[in-house]
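K.L.:
Given chain V, work out where chain Z should sit, using these hints.
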Amino acid sequence: MENTTAPATLVTADGTPLKASLQRALRQRRRQAFMLVLPLLVFIFVLFIMPIATMLTRSVDNPEVNSILPRTVIALQSWDETTGELPSEEVFKTIAAEFVAGSQPGKKVINKVGKRLNYELPGMSSLFRTSTRKIRRMKTGPYREKMINIKIVGKRWADVATWRLLKREGDPVTASYFLSAMDMRVDSKGEIKSKPVDNQIYKFLFVRTFLMSIGITFMTILLGYPIAYLLATLPMRHAALLMILVLLPFWTSLLVRTSAWMVLLGNEGVINDLLVWAGFLGDKSRLALINNRTGTFVAMTHILLPFMILPLYSVMKTIPPSYMRAARSMGATQLRAHIKVYFPLTLTGIGAGTLLVFILAIGYYITPELVGGQSGVFISNQIAGKFDSGNWGLASALGAILFVFVLLLYAVYDKIIGIDKMKLG
Amino acid sequence: MVGSSSGEPMVRFKGVQKSYDGEILVVKDLNLDIAPGEFVTMLGPSGSGKTTCLMMLAGFEPATHGEIYLNGEPINNVPPHKRGIGMVFQNYALFPHMTVAENLAFPLEVRGMNKADQQAKVKRALEMVELPEMGGRRPAQLSGGQQQRVAVARALVFDPQLILMDEPLGALDKQLREQMQYEIKHIHESLGVTVVYVTHDQAEALTMSDRIAVFDDGIIQQISSPDVLYEKPDTSFVAQFIGENNKLGGTIEKVQKDGTCVVKLSTGDMVKAKGVNIGEVGSRTTMSLRPERVTINPKAKSVPNIVEGTIAELIYLGDHIRTRMTVADSDEFIVKIPNAYGHAALKEGSKVKVGWETEDCRALDPL
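Protein chains in written order, with numbering that gives the first Met the number 0: chain V, 0 to 424; chain Z, 0 to 366.
With a straight-line cut-off of 27 Å between C-alpha atoms, the simulated DSSO-like cross-links for lysine-lysine are:
#: 1; chain 1: Z; residue 1: K114; chain 2: V; residue 2: K339
#: 2; chain 1: V; residue 1: K145; chain 2: V; residue 2: K114
#: 3; chain 1: V; residue 1: K107; chain 2: V; residue 2: K150
#: 4; chain 1: V; residue 1: K202; chain 2: V; residue 2: K192
#: 5; chain 1: Z; residue 1: K120; chain 2: Z; residue 2: K184
#: 6; chain 1: V; residue 1: K106; chain 2: V; residue 2: K92
#: 7; chain 1: V; residue 1: K339; chain 2: Z; residue 2: K122
#: 8; chain 1: Z; residue 1: K120; chain 2: V; residue 2: K339
#: 9; chain 1: Z; residue 1: K273; chain 2: Z; residue 2: K335
#: 10; chain 1: V; residue 1: K339; chain 2: Z; residue 2: K81
Just so you know, the hints here were simulated from the structure itself, not pulled from any lab data.
Isolated chain V, as found in the complex:
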């Protein structure tokens, strides 16, 4: 085909290029299609993309010091925090003026800075509250001396660490929420260190969330595989009934299902009562099945089971029974045929179910909250707690870590099995 020149542009009968004509003909259809999906796009953008973006921003956003004490931040730039000396009188004067400006009646914003800094260094909140009252009464300097001499809390102003913190958190973008989320902190010398083991909560909670989610996922495979197999192989009539039994929990409110487990597992619950009645347990030695890890494990396994069964079922449904028959006719026992032929063909289903159940599990909130007690709560309960207490930055950082982990999982799944092979119900 070397000698053929580039083909002349094809044109329609009236001379317009064919491609342009085709574009125009298709434009109408494309516009219609776009209009149809527009509501969904808006919905996804407003309720999905924006909140996630906001959350990711919040996890590094650090406006308090920078916007409420702007002149102090500038003044601190010329202070060398490595010398161990306190900032000059000029800095104290600036911050005192900004304390006054930030505590005008009707727009008391200075306490926000105290609260923010308190996340990093306990005691900062009370320092700011007390100092505000005292500084407002100071008419003249020297501010440095007067502030240091404020009763009880004043000595914090003589501590270089306070000023280092102020200077560091003057940056409008901070990594300190992420550091906290990973149980790390910047010490008074400005180095990143792990928190003392006794103070580490999040790392521990992340690990617990992952380990329990792995356990729950494994349990759903164990319980769901035989059910999915039955569903796929039973005659239509029986399979339909079984399917309804599988889907029934799906149609029941999550809260109702969790409450049902509270009734079953409680100290005075059905299972304990039965065991005591049957004489397996003494009345004094009832099993602690709820408000601990067991409660979370049992209830979540039950609630997430359909998410394992449905992808498995949809994959198993596509495996013709003749595969097993072929394997049997060639001399394989039932067990061997299952292991060698059937099981490998269901791996995509197991993968899809695992991904689905695991991702749902690590983000689970309601069930651990209701039946998890102290030892059975997940990281999401901690995130919710941080939101409640107003520390949105830390909550966002914890959420972002979870989010990134889920994306990583997704990418790994895509690499190994392929997202396009995923079948859900």
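P.N.:
Just chain Z, lined up with the frame of chain V:
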């Protein structure tokens, strides 16, 4: 209904019945012997019980009653994997997660054969089906015909004496199907294995089989070699199912000592037919007559049976002209007129005489 060779039959169905729901018998009293090395086809419309028979032989369905013997041993309680029967399935059932070579090695592996022997056997099997280079591919990368060959190779690779094939060519196009028919037939001849083949395609059955068992309604209607089945059908169903057939209804007037009977057609004409499967005088019968055995405008007295018919339709097919006529109670009476020199020029709507030999017209059970 005894196998063509002497000695012990390879497969024996003895009084086998099968019901799935306890209400309807899908297979009613099956008795069948298959000799070693035979190619027997179970032919019948869907729902006639032929596949069920195959599944009982393979061990996937238990017989409700009766006994199946393999090499003289009853196998009702032998699980499928211990029967040592090779099987080719309708949609090949090649394992999609294994390569072609792994598929072929599967039956050898479960028998605990060592790797070197496995490879040698797989190689030989692939050469037999003329796919020596395909061992590393996945089944999905093969064409339908190639998959079919692999399926045959896999059923043969562990040297079973008996191969079952369940409509193995159903998914192929016509040309490929015909080619595969010959290949399977050649493999059967060269290896000397016994084949039980299930199909609903009568042309396929005629091409390949030593004997054909025609199934209908859970019963073997007739089991014979292809030529006997075509030329001497025992029942109207077989006559109708195998090849093209003209059927004429009538009442038996007289039965002669040599088996010939006189039948009165709906027009009142009397014709003679060979009585094969008839009741007493006065009962109804359906006569079967192959289109190619009918002559148009026979000379008077040249054939014993001559009746008049009306030409309804002429279809030009090149080598012959297919003539649809109305004769007595049949308006689907087909005559094939060879497009030879000086053949009769016919017109639609005209009346012509048709004639046939008494031997060619078989009086069977009424339809």
